[in-house]
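Sequences and hints are given; from them, build the entire structure.
Here the protein sequences come in this chain order: U, S and A. -12 is the number of the first residue of the first sequence in this note's numbering; add one for each residue after it. 108 is the number of the first residue of the second sequence in this note's numbering; add one for each residue after it. 781 is the number of the first residue of the third sequence in this note's numbering; add one for each residue after it.
Because the hints were derived from the structure by calculation, they are not lab data. All of these numbers come straight from a predicted model, not from anything done at the bench. Hints are not guaranteed to be accurate.
As the list claims (entries may be wrong) - Distance condition first, Cα-Cα at most 25 angstroms in a straight line; then the derived SDA-like pairs of lysine to any residue: (1) U:Lys65 / U:Glu15; (2) S:Lys138 / A:Ala879; (3) U:Lys197 / U:Asp229; (4) U:Lys(-11) / S:Leu207; (5) S:Lys192 / U:Pro273; (6) S:Lys138 / U:Leu108; (7) S:Lys138 / U:Ala169.
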Amino acid sequence: MKRYEVIVIGAGPAGLSAACAAAEAGLETVVFDENARPGGQLFKQIHKFFGSREHQARVRGVRIGENLLKRADELGVKTVLGATVLGVYEQKEVAVRTEGEVRSYRGDAIVIATGASENMLTFDGWTLPGVIGAGAAQTLMNMHGVRPGARVLMVGSGNVGLVVSFQLLQAGCEVPIVVDAAPRIGGYGVHASKLARAGVEFRTSHTVVKAIGAGRVEGAVIAEVDGSFAPIPGTEETIDVDTICIAVGLSPMSQLADNAGCEMEYDSAKGGYVPTLNDEGLSSVPGIYCAGDMAGIEEASSAMIQGSIAGAAIARDLGYLTPDEFGERAERWRRSLDGIRSGMFAPGMKGRTDITNTDEGYPLSASLLARGFLDGADDGIFPSMIYSGGMRPIIECTQNIPCDPCQDACPRGCIVVGEDITDLPRLDIGKKCTGCALCVGACSGQAIFLIDDSLGDGYGTVGLPYEFLPLPSPGDPGKALGRDGEVVCDASVVEVRDSKAMDKTPMLVMKVPVSALGRARFFRPAENKNYA
Amino acid sequence: MSVMIRRKNDSPFAPQPDDGMTVCRCEEVTKGEIRRAVYDGARTFGEVKRRLRTGMGLCQGQTCQRLVLAIISRELGKSVGDLGKVTGRMPVRPVLMEELSRSGVEGMESEGAEHHE
Amino acid sequence: MINNRIKEHPIIAGFDKGPEVKFTYDGREAAGFEGEPIAAALRALGVMTHRYTVGSGEPRGIFCAIGRCTDCVMVVDGVPNVRTCMTPLRAGMDVRTQAGLAAKTPTPFEGLDPETGAFLSAEAVSDEAI
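Pasting the structure below:
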């Protein structure tokens, strides 16, 4: 039986990071993955990640995946694709099916990093073709270039539902409505705002009750729900869609850990059954480590750090790193993990609806939580949203999320987040904004707008992030839309600023009356092919 | 393989309007059938599975496990965490018998023999 | 008319596709790109139903698209239960809608040209404006 020092199961962010950390210390490492391509779900994540520089914030997931693969390759990690691990046994033996045969391998240590599976929702007609998981939508459009449908109802407003809805718009689909049974939008407000200003309507305390259609989805019925999530009779509404996309959370895919004899626990905050682990990712079975979503649902950024810690811990166990060398690495990673796990969306905060203020004491926007956009009541409250004349960034970032690329992006130091990356950004109005647009491209939440009231004749400009095709050209007429997606006024394109540093988030600058500068946040070309 | 009958319930089985809804997509098991199994004494995912084949189809419970657990939990008024662990069994993915028989993997037989909890 | 291929994308420079190849779908000639999952090629052509269930004969199609749910299985080159979301398209493949465990040719089909009644090829589709 072939023996490896480290066997990693799953070539996603956690598994590849574990393999890299182990291989970097000199261990012979193999990664088995059942898919035809490595990277787990990273290659479907075409949006920019949050976090800090050490978490590769503002880098798109797909690029993070490429970098991770390249690194694994350079370190000599052997990745076997199309290799399904069927079971893990005593003596750290794994049974792997490849090309129609099953073989066993033995590892001195094993890392289980099998990721998550999507939760589903049952409703009348949920088995009809056209009802798909959010992961299916991402796979079809972002991996294979095929739109899952033309008009999509999104069910679920967690970050997955929000991110996938935006990607659907980018792929040229319409997303008329996002429903969520909870009374609050579950994901980041900035993700919701990108959708709201593009015309997507949020219906919190609503769910899908029926897929209509003979043989395929031809419509959906949504309804308001009561406090116990039961549909309220009489509130049903039929909407015209051909696809219903389900994004109601993930569950750890932890069967292999259970199969390997690891002690398991049910933890609803982690999404279901997970192995009991120490802070290095070690399970109750010596030599078997776990990392990533299978150990508790989080973001890819935390999965990568957990993987790195597990890989290095194995290197220490097997004598390739001294306890000091491990301790030094682990301390850095743990600090980084603490950073990404902080704020009002931290793993332990899931489902909390009692938070009413930011860490700084500002009241959370009720409109943002219920409808996905800030409204007039929020103006003048957040210091990053107060306009003081001339060229200025306005940062509509009002929740404590772990993210700080904006402060690194500004070469003039206009934007300050500080040491704690969940703090809200602030503007240093003593520093002069040159309108370079780097912050607009750097903000993973697309929440930064450049406002200038000095165009003359009562006009000013609003610069906004615009990740859609076709890209308008200078002079193009259209409408300026508000944060709620409603028309504010006529607008015309002054310029479209793009650069390599902005990484495909160009800044579209539109001319609007000065009176509209506080409200105009999106541009709809007069002839729009992407969405009506 | 029989499900232990623990019924102490004197009240009749109460049908619900959405009992006809499919829950296990592979084996086409409805919510009503699962509720009925619980009414008849099934208390865990494993007991429902052995009676109705929920989670024994091609997908091996990838889609329905959580849904079935939620139904059992509601019917019994217990939290999902109190329903007992769902056993992760080899193979965790569908595999052709032909491939298994060719493999001679140790532990396959013992896992297979340990079919009863 | 059915056109589900993304012609240009603001973020993704291009999709990793092989050459265009012909295959048959329920006996009719169809086209897709070599190496893409069969399911992707079919969805691009507007096919929604991959199989009918054994029990109630319900239609099923793509659900998870990553090989987990097995709802998208079809009869490929005579072999039933092939997960079309995981199986790469090859030239000359015979792909059939599965009914229970056998192949079935269902009617009507939504991926036909409404004017000519001909099966829409990937070429015909990609020439269309979005």
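Checked hints:
no.: 1; hint: U:Lys65 / U:Glu15; in the structure: holds, 8 angstroms
no.: 2; hint: S:Lys138 / A:Ala879; in the structure: holds, 23 angstroms
no.: 3; hint: U:Lys197 / U:Asp229; in the structure: holds, 13 angstroms
no.: 4; hint: U:Lys(-11) / S:Leu207; in the structure: holds, 18 angstroms
no.: 5; hint: S:Lys192 / U:Pro273; in the structure: holds, 21 angstroms
no.: 6; hint: S:Lys138 / U:Leu108; in the structure: holds, 13 angstroms
no.: 7; hint: S:Lys138 / U:Ala169; in the structure: holds, 23 angstroms
Hint compliance for this structure: no hint is broken.
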